[in-house]
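Residue numbers (the numbering used here), protein chains in the order written: chain A, 1 to 327; chain B, 1 to 327; chain C, 1 to 322; chain D, 1 to 322.
Hints listed in this document are in silico derivations from the structure and should not be mistaken for laboratory results.
The beta carbon of each residue, even a glycine, is placed where N, CA and C say it ideally should be.
One or more of the hints may lead you astray.
Stated by the list, open to error - Here are the in silico distance ranges between beta carbons for each label pair: (1) LYS187(B) x LYS187(A): 34 to 40 Å; (2) LYS304(D) x ALA192(C): 31 to 37 Å; (3) LYS109(B) x GLN242(D): 24 to 30 Å; (4) LYS291(B) x HIS186(A): 37 to 43 Å; (5) ALA315(B) x GLY72(D): 29 to 35 Å.
What the hints assert, rightly or not - Listed next, the stretches of chain C that the computed footprint assigns to chain A, with coverage defined by at least 3 CB atoms under 8 Å from CB atoms of chain A: (6) 61 to 68; (7) 88 to 96; (8) 283 to 290.
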Amino acid sequence: MHHQDIPLEVVQDIYTRVLRIRRFEEEVGRLFRQGQLPGFVHLYIGEEAVAAGVCAALTDDDTIISTHRGHGHVIAKGGDLNRMMAELFGKATGYCKGKGGSMHIADFKIGMLGAIGIVGGGMPISVGAGLSAWYTDSERVSVCFFGDGAANEGSFHESLNLASTLTLPVIFVCENNQYGEFTPAHKAMNITDIADRAAGYGIPGLVVDGTDAFEMYRAAKTAVARARAGGGPTLIEAKTHRRGSHAEGEEAFLGGQTYRSDEEMAAAQAKDPLLLLHTYVSENDILPAAKLETLDAEITQAVADAVDAARDSPAPQLDSLFEDLWL
Amino acid sequence: MHHQDIPLEVVQDIYTRVLRIRRFEEEVGRLFRQGQLPGFVHLYIGEEAVAAGVCAALTDDDTIISTHRGHGHVIAKGGDLNRMMAELFGKATGYCKGKGGSMHIADFKIGMLGAIGIVGGGMPISVGAGLSAWYTDSERVSVCFFGDGAANEGSFHESLNLASTLTLPVIFVCENNQYGEFTPAHKAMNITDIADRAAGYGIPGLVVDGTDAFEMYRAAKTAVARARAGGGPTLIEAKTHRRGSHAEGEEAFLGGQTYRSDEEMAAAQAKDPLLLLHTYVSENDILPAAKLETLDAEITQAVADAVDAARDSPAPQLDSLFEDLWL
Amino acid sequence: MPRKTYVAAIQEALAEEMRRDDRVFLIGEDVRIGVFPSTRGLHAEFGDKRVIDTPISELAVAGAGIGAAVTGLRPIVDLMFGTFLYLAFDQIANQAGAMRYMYGGQTKAPLVFMVQSGAGSSAGHHHSQAVHQFFMNMPQIKVILPSTPYDGKGLLKSAIRDDNPVIFLHSLSLGGKRGDVPSDEYLVPIGAADVKRAGSDVTICGVGPTVYAALEAAKMLAAEGVDAEVIDLRSLSPWDKQTVLESVAKTGRFVAVDESFPTCSAASEWAATVAEEAFSDLKAPVQRVTNQDVPMPFSPVLEKAVLPSAADVVAAARKTLT
Amino acid sequence: MPRKTYVAAIQEALAEEMRRDDRVFLIGEDVRIGVFPSTRGLHAEFGDKRVIDTPISELAVAGAGIGAAVTGLRPIVDLMFGTFLYLAFDQIANQAGAMRYMYGGQTKAPLVFMVQSGAGSSAGHHHSQAVHQFFMNMPQIKVILPSTPYDGKGLLKSAIRDDNPVIFLHSLSLGGKRGDVPSDEYLVPIGAADVKRAGSDVTICGVGPTVYAALEAAKMLAAEGVDAEVIDLRSLSPWDKQTVLESVAKTGRFVAVDESFPTCSAASEWAATVAEEAFSDLKAPVQRVTNQDVPMPFSPVLEKAVLPSAADVVAAARKTLT
Ligand SMILES: Cc1ncc(C[n+]2csc(CCOP(=O)(O)OP(=O)(O)O)c2C)c(N)n1
Ligand SMILES: Cc1ncc(C[n+]2csc(CCOP(=O)(O)OP(=O)(O)O)c2C)c(N)n1
Ligand SMILES: [Mg+2]
Ligand SMILES: [Mg+2]
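Given the sequences, and given the hints that come with them, work out the whole structure.
Written out as structure tokens, the structure is:
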């Protein structure tokens, strides 16, 4: 892990994104366990370096598309914690006025084109966002986050191939957290690196250590430059770990069944992206400890404020059922 | 082209299969142009070596699944010309009692599990046939024929991956005839060899000269042996040429537009599989000219008989509309 | 007025709208060469960027249309046969129609999915199904199926200008039908039915090819002294309930004619609505005329027997009159 | 009689049928660990070969089920949520239901697609749609949706023994419901409705979760002196028209309650059928109670307002009584 080629403000920026995601997700986990949040919740803890590194390499114009595990992507792209939290509570002040929920947060103003609850469902749409950029001769790139599980969906195949044949500025970021629900990636495919599939579409495929935010940033920069220069799509496979449940509350609904060993969990903990980043910036005196503490305190407070604001927000009016319909 | 490792009776068998397909398809083309056949018709002329070579490597128990361009596969697997022709005429004596037509011929008795009009639609089903063989510890293998165009469908990706993860005895035979309808394969994908996609599923991928029936036979033999031994699926890409139209009558419905150069057509003609085979067996005195002529006469007669029988056959009774329904 | 074929009118709508708005583009399998003549010639005029051939990848192409739409373009996604939309079903049901609502009104998805729908060319089950009934069920998806060249052009132009996802269905069997198509620009509004024949005894309601079965039936009924009103719905979602209810208020009898498998068909929807909202007007039970409830057979004699015919419509109308 | 949960009864049906017939196997995403407890414990008993985890590949898994079925096995394909079937729509619409007919009766496809259907857990649009209406339209596909543990077990066992493709829908919101489930083997026939409450004033017809809304409504109506008959259809295709028509012959009033988007819903089909075939019995217009016509919102207050409620049913029933 090193940051030699990365300006200090970017290091700080990446660190901030990772931390914001972490503190937000920790709080969401607590709220869910307390029974305060409706629906399903899939946390991004352990994978923060992927979204943070990638989004730090994007401009505000660039777009992203996300998955059922989408909170981290929204935050990394600059999403508003209050409107996110309110959405998770199903409140009228949420990003989607309570109509979307955890799996469907979007912020079109910042190029966050939406989280999609259908595994692989966002990939074709991201191709369309890339098509738009190409069509309008814009510099914009389109980023698609998806999981190792999604890489086995037909949409993966069709989307990468389509983006390749049209030479579109799309960056496919596969978050290989080793599991699709409870199935290990290596049982759902007979290959080690999903990045190898890129060859089948004639596009570059990179394996990146997804626990290292700097590596993610570098890989994304390269892919973004390539895309902006008209070089077409890239597939980036980020090897990462989901530290927590597939969906919050899974212990209960799995009835005591487990699917990961203690060693595996310990190894993932040792590669925790926030821990790695914190250790790196601390040990190398890149960001002063005091600053890190203030930052953490600020973010923690912002998350707490978001929760308070969400709680105090009104539930959607029944009238709103018939808003946001046909134009 | 050589047959050193191939017994003479197999050479003759392959030759017969190729010729039967050719003479049948030529006649179907004529009938279609004369307006005698309803619906759409996609001929296999130019690609006969693929089905013939592969099916010669199969037993009667092994199963195949086919496409909209399916006549050749049925014949290669041993299908009955009379019942095929009757089906094309939409007659009650056809394989499917007139309910299927050109794009949906099946003969379950000889392991021909059906032609499928949806591009890529047969691939998942072939995985199921392989699953069945594996489940029942049978020696049976499942062969799936599909086109270069189909290789861009999501079903291709999901099917190869599923067959690979379950180590099923499925042989995916991609008939790369260079076009999906009027789109050249190289515009629909940024790679030269579809076989390279096999690496993405951890299975062998072979490029084979699909105009050489012996090469096809060899490749199939290897893949069949591997599948029977529990080694799982193989992807075979057969480079071949469609000599005629995508669908019969395309000149008319394309309104004079063309999409292939004369040179390209001439090159394909030079690599015509029947021509190559005929030249080879003749020049090397493998099959006597007289025998070849008798064979051709017999087959030509059989096709003519099939046409006569089909013409004389009754149209389906209206009552038959409500047969072959729920059991 | 110039007379044009149905398919030429559709082509004209595409060309005019592409000329009018350069955010409009066409994408699909072999749209350049034009598998259906509806897209023929557009590539020559508009070039590579606006007439885009794709690999055979319905799911991705449909989704790409959606992604392009939510980022400011106005795609027309041509997926050839109606049944090929089954492969893109997820993108349409889960994404296209839902995005605006699901994201609280932040976005819109102005795009057109254009496919052939229905049977009539002996193409077998995989190429001969009507699909409108599926998309009618989905909230926030518009569905149209014109029966004439005039409507084909006018409705497609409206669809392209619509800010919502629209499924534009065209009928292969009507492709060669000729009709008047004005040279001056015009639009046909989505959601408005067209009364094709005024009558006082029975209301017959159809869409696309079944309009002709209905008209033919009306003629046969006239010979029996029965004066049928024939309504061409043109739009399936939203649909012009008002016109139908007003007609039934007059006639007291209703026959729904729909080329579709029977259960949960458009005919079921129309019949249920009339039964619900015009009950007191009804002098006889509503009647549905649809496909027979079997997969589409290949053989022309069987295919014909499966599809709703004028004779079937006459029989149904007679039932309302006894 | 032992009392069991809905989901436990389903699990029992799977286990018993797998014991009875070793051609029966289960395939799907995470069926071993059991995302839904319905498949829990089967892997321990039946092992790797008969309880097969797959990659997330709905189209291929569905098709693999079909391929296995036509080659002699009896697969149960579990694809988790109903909406995921959209990705397998082609295999179901074009292949599963059609193969037997299309190939002239040469084959059969005895398989079960098992998915959750409907809303009620605030999971948002992508995980909260009812899907039965789509499959009801397809010829030669059977569709069932039980409302009780007893029916869940008995119908699933029938589905597994059926020689045709069956879509077995279960309701997440009913998963924890308890009911009597006999220890002795029994089957519930596909296609037979269950009259849950006899009544003489109005017929209320539902399926799955809407049966409870209907029963609750019946109680509320009873308090007003209205005696409602409540029919649980249980099977959606084929469906028990006879029982419904007989009931309407008695009551003269009909309310269809269906958790589905309204247009071309099951409610439309039932209402149309009653209007067509029991017209002379009807004393008032048929009524449909369905979802509101919007994508499924996440927020519990909105979700609840979209779904058909007992109060909605009461209001509809009252309309038939004035
Ligand atoms: C099409 C579809 N199939 C199945 C599911 C159920 N499901 C939700 S998340 C998930 C696992 C996805 O795995 P992966 O893509 O690796 O993402 P991760 O959860 O690991 O972030 C599955 C199977 C779904 N939502 N959509
Ligand atoms: C899902 C689907 N999309 C499109 C079509 C229309 N179509 C029929 S054949 C064909 C081309 C198929 O190309 P390929 O797989 O290479 O087979 P070939 O015709 O060359 O044998 C297309 C696009 C179809 N039948 N099914
Ligand atoms: Mg994963
Ligand atoms: Mg081809």
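Given as covered by chain A, does the stretch 88 to 96 of chain C meet the bar of three residues or more with CB within less than 8 Å?
-> holds (count 4)
Does the Cβ distance between ALA315(B) and GLY72(D) fall inside 29 to 35 Å?
-> holds (33 Å)
Does the Cβ pair LYS304(D), ALA192(C) satisfy 31 to 37 Å?
-> Taking Cβ atoms as reference, LYS304(D) and ALA192(C) lie about 35 Å apart, which means the hint holds.
8 Å C-beta criterion, at least three residues: is the stretch 283 to 290 of chain C covered by chain A | Check failed, 0 qualifying residues.
Mind taking a look at whether chain A covers the stretch 61 to 68 of chain C? Criterion is 3 or more residues with CB to CB distance under 8 Å.
-> Contact hint for the stretch 61 to 68 of chain C vs chain A: holds, 8 residues under 8 Å.
Evaluate the given range 37 to 43 Å for the C-beta pair formed by LYS291(B) and HIS186(A).
-> violated (55 Å)
Do the beta carbons of LYS187(B) and LYS187(A) sit within 34 to 40 Å of each other?
-> holds (36 Å)
Taking the CB of LYS109(B) and the CB of GLN242(D), does the distance hold inside 24 to 30 Å?
-> Roughly 39 Å apart at Cβ, these two residues miss the hinted range, so it is violated.
When held up to the earlier numbered hints, the structure conflicts with 3, 4 and 8 and fits the remainder.
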